[in-house]
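One line per chain: the protein sequences are A, B, C and D, in this order. Each residue of the first sequence is one higher than the one before, starting from 5 at the first, in this note's numbering. Each residue of the second sequence is one higher than the one before, starting from 5 at the first, in this note's numbering. Each residue of the third sequence is one higher than the one before, starting from 5 at the first, in this note's numbering. Each residue of the fourth sequence is one higher than the one before, starting from 5 at the first, in this note's numbering.
Heads up, some of the hints might be wrong.
A pair holds if it fits inside one copy or across any two, identical chains being indistinguishable in the list.
[As the list claims (entries may be wrong)] Calculated cross-link-like contacts (lysine-lysine; reagent style DSS-like; alpha-carbon spacing at most 27 Å):
#	residue 1	residue 2
1	Lys39	Lys90
2	Lys97	Lys31
3	Lys31	Lys210
4	Lys168	Lys238
5	Lys161	Lys335
6	Lys90	Lys163
7	Lys286	Lys172
8	Lys196	Lys232
No wet-lab data here; the hints were simulated from the structure.
Number of protein chains: 4
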Amino acid sequence: MCIIAPFNFPLEISMLQVMGALFMGNKVLLKVDSKVSACAEELVRLLVLCGMPKNDLILVHTNGENMEYLLTQIDLRMTLFTGSSKVAEKLSKLLHGKIKIEDAGFDWKILGPDVDDIDFVAHISDQDAYALSGQKCSAQSVLFAHKNWVDAKFFDKIKQYAEKRSLKDLTISPVMTWNNKKLQDHVDSLLKISGAQLLFGGSPIKESHNVPDIYGSYLPTAVYVPLKSFSTKKYHDLITTEVFGPVQVVSEYNDNNIEVVLNILESFKQNLTAGIASNDPKFLNKILANTVNGVTYSGIRARTTGAPQNHWFGPCGDPRAGGIGTPEAIKYVWSSHREIITDVIIPKNLKIVQS
Amino acid sequence: MCIIAPFNFPLEISMLQVMGALFMGNKVLLKVDSKVSACAEELVRLLVLCGMPKNDLILVHTNGENMEYLLTQIDLRMTLFTGSSKVAEKLSKLLHGKIKIEDAGFDWKILGPDVDDIDFVAHISDQDAYALSGQKCSAQSVLFAHKNWVDAKFFDKIKQYAEKRSLKDLTISPVMTWNNKKLQDHVDSLLKISGAQLLFGGSPIKESHNVPDIYGSYLPTAVYVPLKSFSTKKYHDLITTEVFGPVQVVSEYNDNNIEVVLNILESFKQNLTAGIASNDPKFLNKILANTVNGVTYSGIRARTTGAPQNHWFGPCGDPRAGGIGTPEAIKYVWSSHREIITDVIIPKNLKIVQS
Amino acid sequence: MCIIAPFNFPLEISMLQVMGALFMGNKVLLKVDSKVSACAEELVRLLVLCGMPKNDLILVHTNGENMEYLLTQIDLRMTLFTGSSKVAEKLSKLLHGKIKIEDAGFDWKILGPDVDDIDFVAHISDQDAYALSGQKCSAQSVLFAHKNWVDAKFFDKIKQYAEKRSLKDLTISPVMTWNNKKLQDHVDSLLKISGAQLLFGGSPIKESHNVPDIYGSYLPTAVYVPLKSFSTKKYHDLITTEVFGPVQVVSEYNDNNIEVVLNILESFKQNLTAGIASNDPKFLNKILANTVNGVTYSGIRARTTGAPQNHWFGPCGDPRAGGIGTPEAIKYVWSSHREIITDVIIPKNLKIVQS
Amino acid sequence: MCIIAPFNFPLEISMLQVMGALFMGNKVLLKVDSKVSACAEELVRLLVLCGMPKNDLILVHTNGENMEYLLTQIDLRMTLFTGSSKVAEKLSKLLHGKIKIEDAGFDWKILGPDVDDIDFVAHISDQDAYALSGQKCSAQSVLFAHKNWVDAKFFDKIKQYAEKRSLKDLTISPVMTWNNKKLQDHVDSLLKISGAQLLFGGSPIKESHNVPDIYGSYLPTAVYVPLKSFSTKKYHDLITTEVFGPVQVVSEYNDNNIEVVLNILESFKQNLTAGIASNDPKFLNKILANTVNGVTYSGIRARTTGAPQNHWFGPCGDPRAGGIGTPEAIKYVWSSHREIITDVIIPKNLKIVQS
């Protein structure tokens, strides 16, 4: 069994995965991004300290290219891959599908027609989009607000929260994989969409700082785009690019074009998390019945980012989708169903018939 | 969702698969081997007659090549493939692993040290190997008998049962995919293994018949090979070739070389069914703990061929392994786990903290 | 095992209970009210016709007194009693609690603050109170309507439905256990409560009919009583008397006295079914969290009468509470948990220590 | 909710029960035998120290008589009683069966025809009968040895183990509820049974000690009685009296009178624990299928005394049977099944039909 994790992947989650694999009796081969191999080694030392038999886990320090070669040379029963969709597909092919995937998410939230607790909902939205400067696979990438919320000044509320963030109190973080140039280019492209509008942010942070240029240091940013632009082939890929940084797209819908929103959600290829902020059961049922995201938060407190400590965490709608966090997830990913039929007693006078 | 089934696949099992997929709410694309497309069409007509909405299922009549092309042009969320391991691997690569597989089995039975009910066990062994002339993915391909059974004349018993079989009363069937030439060549090759011995059969049936030459018409056959020949690289592939016909390999072990048998079982790549005919709990535990077959019959009545009507049916030890028959199997193959978290009440005085 | 059922108990439910008991392997002794013994006998004949071994069930034709004597003379492991609470308590004492009980219900419905689909909700309310002239253990005995529903003319709506009912089209039934005198006395007593008011009904049916006087033939009736009268010791018992006929009590509450309603619900001793007609999750949570009824319908479509074909059916909040209808209910009532621990292998070198 | 525990009941088990009740949200009233009230109070102080809200538990210090009076004055939803069957029946009547019971056991073990690991099985037998001088509700009260075990000198083996026990190393304990006089009288009565024989023990301990006379200080004792004496009405009650001390009855059976043993087991009224020491699946099935004990250990390592830390612990075959130890047991005893049906969406054009 093999676990592959990227460098920006929280080590406590790697730990969850490694322990799940061990619990199910697997021998584990662990490979993380070489940038964080040192950290992973400490994790392994901790496991050994806690009593893990040394031979139960193999830690491999190497780059992607060598790892791919290694994968072709050994016959792993299962590989759990966490990382980008691009690498996921490459490995799926290489491994003939003997893989479970926890890949990136283009996670959406929809605010239903029933406006309530607007401060709280705005706060959760701010957290989902900008905590850790948006560097979570479950970060809120796009928000669809019902007209009622827009009328209730929801966008102003999230702007107020965003503008309270600063590098000083660590509510803004350096961006590990997108530098300012790349972020600015993306925002500029979004703003060229017809009807698009910068709600806030849209530039590097103004505070003095010493974040190196290879990393990003960018303000929490929201770009409004009209609903119809999602349906434009030209803009669709641009809008639905997952930015591993503090940039989200927001849009507005109303009672008359909710079907348009559903079509947009159906067009997203990655189905990791989603939030439906509403307490209206009819609305919740409509959205839940027409979407397939793996982790779907529903109810007025809905978020897009949660934690595998609390519940199953993983994408949905793909037979390769992996899960982490719960006993069910551990059994699903790290074991196989096996049916043992016990049949110990031969009835007297059983008639023998050949067929 | 797509279901692909071979021509020698029982249609009642295709029906189970189609209905499982429909129960879970999928739109099904069904493709069976073009030789039996006509039968499959009748099956679909029956489903429609029973009330299946016409648009819930698409039946595709085509050959393998065109089907492969089709698969690359449409974006199926899941494909269930039943058929040979070779095609399974090809499709796995093509579909990037978005597949569940029910492939061929090289199914083994082991008779434990405790000899009991020898007539019954011999009868089950005869059925497992020769019913339908061995044309089941769960047919008994190899039998390991403990010395105690050999001493008790177990091989004579199965010979007696085999020799009662005849085309006339349908206890011998035409062989659909192996003709007599191919079967004879295989048997002859086995007999060249050092120490090998023909126990019975080993030639075409002698009764007059009108089975066309493109099909096989062959006697129930058992070839004894010594345990050590499995470990010879030269013979391993030969011995472990699944014959979709009435040919089985048998061997003998004793208390001193049970570990050798376990190593042989571990070397088998396909893990569909297995039987452990013994009522000794220590022996059962030893074998069960060291093997991974999907459907494992244990106890003195153990068989290798059972039915998905009774229990989960599918291989094990591979993340792509599919299952049929039980509610659990249907949910496992035809749906995805989705975690809906409902969170409807905002506690009073909840403190808001940005991070 | 023993099943005791009253005369007004639907035989198809007795059948469910008998079959549940048989499925779990019990030998059943069945006793129904002597008035319907003839019907029960037909049921048993049907079971025998369907293949039930004759000795699996004993049918006892007798009256209550003799049955009680019988119960003291034989050592039944379990008795399932369906009927009045009074007899249930008597038998509980007699049988030292080796009993499960499905007794009467004083079933309530509460309409939440969110008025919606008023016609439908009124229709369900009409059905719950007056179908079969209220002769169901799950009939709606009391209704608490939020002021918003009263303002929306809910009481007028249920009056309209009630007045459409007639003996002619069988939407009014003869009342088996309460005659007109008893029903009229009860309604008159309710109307003496300070602030009480007759909403509709309140007299025998006016159509010509030939229902004998020993049975009731009474109009669908609703008596409004103020919320505060429930809390009066003097009126509480009167109001909460279960009328096995077409008489319900209705009352009104508002946002300020919902706690009063909860206290009233807590005061009810019988907790069979309940309905909370609301789609407001906060309201639903509040009521659900503070009540213990066994079968609780929640949501705008909530009813008080459902069917054991669909879900577990039984009271709650009492260790003697039985359940019918689901596999879980059958196992709970008709079998006992038994823990079989299998321990077959003695580890080598196990150290023996006496203690 | 109320928990009643006897003085010789391990406090760690009371703790398990109290916590189970609290976990399920009950308010607990705890009453233990007044002799150990001081210890129970310490347990409650510990719970408070660990964070239990003070008002979640009421500790009552009182004698049985006052407690009974109290029970009639308050309306407890459920009482869990641990103690003698006599008091259990009394309380069942008093509480109309609103009770769960963990009462005494007359626990049996049967050694199957397959002799194996005789030292180990004898050791377990010694532990089951004499650990804590037999003062466990799960202590082995009677042992049925197959002739094969008797021939293999099993009785000599258990005698050797028993004679190693001494007060000095605490492998013999003072007996809390039976003094030497009472124990001696019981043993003497047993020895008057025709064919009875003292295998070992049968007198007070010989070591010097300072155990007060009100307690017992008695040697591990085994009395052999012939199988047929169980069936004698005269002796049955005597033999099946549970001695809460170091006295067990042993007997012998063979292949021809196994049905006699099954009839004897069926005659035991208390069904707490049992052990079937055999690895023969046919024998195990026969005994398991014909007995109803709550905790049944099967397999060559079978014991009669286990621990609720490991599995469900409780009697079987009585609707009042309680369970402790597992999540299932906690839910079964300390909560009630409640079925909440959610029904939130009214289909368009639903046709309204009165009935």
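Alpha-carbon proximity between Lys196 and Lys232, which holds within one copy, between copies, both or neither at 27 Å: Intra 14 Å, inter 66 Å, cutoff 27 Å: intra-copy only.
Within, between, both or neither: Lys31, Lys210 at alpha-carbon 27 Å: neither (49 Å within a copy, 53 Å between copies)
Lys286 and Lys172: within-copy, between-copy, both or neither at 27 Å Cα: neither (44 Å within a copy, 39 Å between copies)
Lys161 and Lys335: within-copy, between-copy, both or neither at 27 Å Cα: neither (43 Å within a copy, 43 Å between copies)
Intra/inter-copy verdict for Lys97 and Lys31 if alpha-carbon distance must be at most 27 Å: So Lys97 and Lys31 pass the 27 Å test inside a copy (23 Å) and across (25 Å) alike.
Alpha-carbon proximity context of Lys168 and Lys238, limit 27 Å: neither (35 Å within a copy, 62 Å between copies)
27 Å Cα threshold - placement of Lys163 relative to Lys90: For Lys90 and Lys163, neither the intra-copy (33 Å) nor the inter-copy (57 Å) Cα distance is at most 27 Å.
Intra- versus inter-subunit Cα pairing at 27 Å for Lys39 with Lys90: within (19 Å within a copy, 39 Å between copies)
In the structure shown, a violation is registered for the earlier hints numbered 3, 4, 5, 6, 7, in ascending order.
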